[in-house]
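**Student:** Sequence:
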Amino acid sequence: MEALTNFLNLLDSLMGSAAYFPFVLLGTGLILTFYLGFPQVRFFNHAWRIVRGKYDKPGDEGDATHFQALTTAISGTVGTGNIGGVALAIYLGGPAALFWMWMTAFFGMTSKFVEVTLSHKYRGKDEHGHIVGGPMYVMERRLNMKWLAIIFAVATVISSFGSGNMPQSNNIASGVQASFGIEPWMTGLFLSLCLGAVIIGGIRRIIQVAEKIVPLMALIYLVGALAVIVVNIENV
1 MEALTNFLNL LDSLMGSAAY FPFVLLGTGL ILTFYLGFPQ VRFFNHAWRI
51 VRGKYDKPGD EGDATHFQAL TTAISGTVGT GNIGGVALAI YLGGPAALFW
101 MWMTAFFGMT SKFVEVTLSH KYRGKDEHGH IVGGPMYVME RRLNMKWLAI
151 IFAVATVISS FGSGNMPQSN NIASGVQASF GIEPWMTGLF LSLCLGAVII
201 GGIRRIIQVA EKIVPLMALI YLVGALAVIV VNIENV
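Here this note's numbering is used: position 7 in the sequence shown is 7, and no number is missing along the way.
Bear in mind the hints are in silico, worked out from the structure with no lab data behind them.
Hints may be right or wrong, so weigh each one.
[Claimed, not checked] Derived lysine-lysine pairs resembling DSS-like cross-links, with alpha carbons at most 30 Å apart: (1) Lys146 / Lys54; (2) Lys125 / Lys212; (3) Lys125 / Lys146; (4) Lys54 / Lys212; (5) Lys146 / Lys121; (6) Lys146 / Lys212; (7) Lys57 / Lys146; (8) Lys121 / Lys54.
Predicted model only: the values in this text are computed from it and were never measured.
Construct the complete structure from the given sequences, taking the supplied hints into account.
**Tutor:** In structure tokens, the structure reads:
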């Protein structure tokens with residue numbers, strides 16, 4: 001873990017630090033939002049109807065319904081950063097951090113909208129006939145930059161092991177050890193077996209599991225947040 005941290009710090013220094021990242025993230029969202037005329041507002045009702053399955057058709061091409069696609073996307077987005085990261089931001093930046101998180105989320109909706117739309121437009125099929133897509137396919141098929149697509153794909157895989165898995169697994173193992181005295185390696189082994197059983201089933205099983213777990217995860221998250229507010233209501 002220390003070697004990985006040192007490697008990431010080296011990349012960070014070569015790229016000129018990540019201090020510019022908030023400006024890139026918010027700036028891109030601002031430009032796209034005004035250019036497209038605030039699609040996160042204009043298409044909100046339409047998006048809600050899509051998630052509710054109003055436009056679902058049993059014979060449609062693809063491996064997932066609209067709701068399954070949403071839950072799968074959320075499963076790869078929501079993690080410890082949404083809990084610990086928010087608390088750390090408020091601790092370091094004060095209440096103003098909430099405002100900037102709201103602004104980034106609002107304008108970031110358009111960035112995500114553009115990313116998903118382009119990924120959908122330039123998606124394709126693999127050798128098994130399954131639908132595949134993502135920013136790397138946009139880079140290869142629309143921008144004709146296969147080299148950049150390869151770099152992006154490799155970086156995404158590395159990120160999935162780092163920020164995507166290690167912090168989540170480490171926090172689970174630490175919590176289980178503190179609460180029940182179970183050794184971290186045992187928790188890690190159990191998580192690996194569970195994830196392996198899901199991944200071996202392919203994209204369809206991943207989608208099916210996400211469809212069941214993500215709504216429960218969201219409910220627990222909201223109830224937990226409300227419980228914290230209620231317990232500390234005198235400080236609100």
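**Student:** Does each hint hold? Answer for all of them.
**Tutor:** Hint check:
1. With a C-alpha separation of about 37 Å, the suggested pairing of lysine 146 with lysine 54 is violated against the 30 Å cut-off.
2. The suggested pairing of lysine 125 with lysine 212 holds, with an alpha-carbon distance near 26 Å, which does not exceed 30 Å.
3. A distance of roughly 17 Å separates the Cα atoms of lysine 125 and lysine 146; the hinted pair therefore holds under the 30 Å criterion.
4. This hinted pair checks out: lysine 54 and lysine 212 have alpha carbons roughly 20 Å apart, not beyond 30 Å.
5. The straight-line distance between the Cα atoms of lysine 146 and lysine 121 is roughly 17 Å, inside the 30 Å bound, and the hint therefore holds.
6. Between lysine 146 and lysine 212 the alpha-carbon distance is near 36 Å, which puts this suggested pair outside the 30 Å criterion.
7. Among the hinted pairs, lysine 57 with lysine 146 is inconsistent with the structure: their alpha-carbon atoms are about 34 Å apart, more than 30 Å.
8. Under the criterion of a C-alpha separation no larger than 30 Å, the hint pairing lysine 121 with lysine 54 is consistent with the structure, at around 21 Å.
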